[in-house]
Every structure is written in structure tokens, then in C-alpha cells.
Amino acid sequence: MVGAARDGESGAGDGDGGERPLVTCVVPTHSRPEGLVRAVESVLAQTYRPLELVVVDDNPAERAVDLLAHLDTDTLERVVYRREGGHSGAGAARNTGVEAARGAYVAFLDDDDAWRPEKVGRQVTALEAAPDAGLCYTGTVELRPDGRREHVPPDVADADLTGELACRNVVGSMSVVCVRTALAREHPFDAAMPAWEDLDWFLRLSRVTRFVRLPEPLVEYDFTSADRLSESFDRTDESHRRFVEKHAPEFSGRAARRLRGWAAFRAGTDAFATGHYPEARRYFLRAVLAYPLESRFYPYLFAAAGGTTTHRLARRVQSLGV
1 MVGAARDGES GAGDGDGGER PLVTCVVPTH SRPEGLVRAV ESVLAQTYRP
51 LELVVVDDNP AERAVDLLAH LDTDTLERVV YRREGGHSGA GAARNTGVEA
101 ARGAYVAFLD DDDAWRPEKV GRQVTALEAA PDAGLCYTGT VELRPDGRRE
151 HVPPDVADAD LTGELACRNV VGSMSVVCVR TALAREHPFD AAMPAWEDLD
201 WFLRLSRVTR FVRLPEPLVE YDFTSADRLS ESFDRTDESH RRFVEKHAPE
251 FSGRAARRLR GWAAFRAGTD AFATGHYPEA RRYFLRAVLA YPLESRFYPY
301 LFAAAGGTTT HRLARRVQSL GV
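Residue numbers (the UniProt record's numbering): 1 to 322.
Among the clues, some could well be false.
Stated by the list, open to error - Once the Cα atoms are required to be at most 20 Å apart in a straight line, the calculated SDA-like pairs of lysine to any residue come out as:
#1 K246 with R235
#2 K246 with T308
#3 K246 with A256
#4 K246 with A191
#5 K246 with A192
#6 K246 with D160
#7 K246 with V152
#8 K246 with H187
#9 K246 with T162
#10 K246 with L161
#11 K246 with R204
Said to hold, decoys possible - What follows is a list of derived Cβ distance ranges for each label pair:
#12 R20 with E99: 19 to 25 Å
#13 P292 with A45: 46 to 52 Å
#14 T309 with D132: 51 to 57 Å
#15 D132 with D74: 35 to 41 Å
#16 D132 with H70: 40 to 46 Å
#17 P278 with G147: 30 to 36 Å
#18 S295 with D66: 29 to 35 Å
#19 R282 with D66: 25 to 31 Å
#20 G275 with P215: 32 to 38 Å
#21 G253 with D66: 54 to 60 Å
#22 P153 with E41: 48 to 54 Å
#23 G253 with T309: 24 to 30 Å
Hints in this document: simulated from the structure, not taken from any laboratory. Every residue, glycine too, gets a C-beta built ideally from N, C-alpha and C.
Let's have the full structure, built from the sequences with the hints guiding it.
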């Protein structure tokens, strides 16, 4: 086992692993001790080498270095811990991880998800074969609260990936992403975004590089985590405002209206899923007014209209799936 000090590093050195490029695995963590251990175990189980691990630690209580001390990290080139105080947010934590990276690629992993063993290797192979591509993403297996495991391939965007990302996150969570380190440094996350920083980042990157899509379910995405949605709504208003202000001017006409409609819809679903029905109605109405051609907005507006009563009715007829 390799020891490590807080905000320090340990390991075998830089090592380039021969001809195979070094990959940096960046794991931001905040108040999920059991999930963090599972996530890092999935890093250690990767069939690909060489790997290094960067843990960006924002735990208010037990330090990540102590939580992971029992794991054998000898097969990694390097283990780095960076302390991120004050819960500065996911975007800032990922930027910290990217700055600490020595690898040619960075693969992100949330601390309540896990990778399949072949995940990093498949992505490196795909990116090495596509020098014009800067980012690779994969499908997921979603772990549901009722115990179901659902394979979710990444959405197939049309030729206009930027236009699709202006409306919907067709990539998925950050845990499915492997990106060229130089690109991630040139285009950092917007640390001022309280949420939606992943979609904002994908949209900006789509303007400057090609994405490679792997349909295989190479990430286990944990929907049983209690704060997947519960934390998010308090940050929705600011995220919605900032997203629209940043990106709507890049589009015109129908495309701009579509972006505004989908941004309001996304905010509405955050509110709806957490029981904030007045806010959900407000956002869903804004979505319909901005882009009335999108038929998917209307069932949600109806379901939010009567609060818990219409929400339960909508779920009973399985018309929404929220």
C-alpha cells in the first residue's frame, strides 16, 4: 500500500507506462464516504494502465486520505489528494483535479458512481483512433431505488451536437467522460455555475472539438443516492439564469427560443422532482411560452398544475416517468 499525506501525493512517480498514455482519474468528493470507497475501488479495478488518481477532497469531517488508507494503490503511478474547502462546488473541484493531472487524458468519476473494469481502456482506444476528437463518453447502467438495473445508452444526437446540447444533456453524467487534458485546461469548468456546470461545459466543448460516443454501459450511475436531486433545486434559479445569459446569444431565431424553452423545462423538472410545485408551474409555463412547438412540455405543465394530486395521477398513468 502506498501512503499519502493530506494535500500531498504519493506513488511510483510520473511513469509514462511505455507507449501507452497516462490517464488521470479525477474523483471529487463531498460527504459520501461509502460511495467514495466504491468509486476508487472501481478505479483500481481498471484493466488499463498506467493510471494516476487525483482525489479532490471537500469532506467536512473525515478526510479522504483516511477513508482510502486501507486500499492498495501500488498499481497506480501516483495518488494525489487536494483539499478543497468550503464546498466550492463540482466545477471548481474538477478544475482543481485537472490542474493536478499529469496524464494525457482525464477521466472524471463522481463519488457515488463506479466504472466497469474496461471503461478507461475502451475510451483511450477510441480517442487514440480519433485524433480530431477531444472527448469520449459512454453508456450507463442506472441503479434504481427499487433495485432495478437499467442499461441507458447515450442519446444519439443528430449532426448538430451543439444544437442538441443547447437543449438536452445528450452526453450524461461526468462519470462517463474521458477528455484530453490539454482541452480541459484550455476550457475549464465555470466555477460560478451552482449547477448545470456539466451541460455548460459540454456545450462549450462541442463548439471546438468532436465527441466520440461508445454505446456500451461502462458506468454504474447510482440513482439511490439521496442528494442526487435534493441538493439541486436551491441552485436552480441561478443556474437557469446564468445558462441562458451565456448561451442564448450564441443562437438566433427558433434555435434561441428552443434553448430558452428547454432551459426553463430543465429548471421545472428540478422543481417538480423535489416537490416545489409552484416553482415547477412557473418554469413549465415559461417553457411552453418560449417554445410552444415542443409537445413534451405540456404533460409536465398539467402534472404540476394541481401539485401532489396531479403529480400522483400522472405517475399512475405512467405518462411522465419522474
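Here is what the structure says about each hint:
no.: 1; hint: K246 with R235; in the structure: holds (17 Å)
no.: 2; hint: K246 with T308; in the structure: violated (34 Å)
no.: 3; hint: K246 with A256; in the structure: holds (12 Å)
no.: 4; hint: K246 with A191; in the structure: holds (14 Å)
no.: 5; hint: K246 with A192; in the structure: holds (12 Å)
no.: 6; hint: K246 with D160; in the structure: holds (19 Å)
no.: 7; hint: K246 with V152; in the structure: violated (30 Å)
no.: 8; hint: K246 with H187; in the structure: holds (15 Å)
no.: 9; hint: K246 with T162; in the structure: holds (14 Å)
no.: 10; hint: K246 with L161; in the structure: holds (18 Å)
no.: 11; hint: K246 with R204; in the structure: holds (10 Å)
no.: 12; hint: R20 with E99: 19 to 25 Å; in the structure: holds (23 Å)
no.: 13; hint: P292 with A45: 46 to 52 Å; in the structure: holds (49 Å)
no.: 14; hint: T309 with D132: 51 to 57 Å; in the structure: holds (52 Å)
no.: 15; hint: D132 with D74: 35 to 41 Å; in the structure: holds (36 Å)
no.: 16; hint: D132 with H70: 40 to 46 Å; in the structure: holds (43 Å)
no.: 17; hint: P278 with G147: 30 to 36 Å; in the structure: holds (33 Å)
no.: 18; hint: S295 with D66: 29 to 35 Å; in the structure: violated (52 Å)
no.: 19; hint: R282 with D66: 25 to 31 Å; in the structure: violated (45 Å)
no.: 20; hint: G275 with P215: 32 to 38 Å; in the structure: holds (34 Å)
no.: 21; hint: G253 with D66: 54 to 60 Å; in the structure: holds (55 Å)
no.: 22; hint: P153 with E41: 48 to 54 Å; in the structure: violated (25 Å)
no.: 23; hint: G253 with T309: 24 to 30 Å; in the structure: violated (39 Å)
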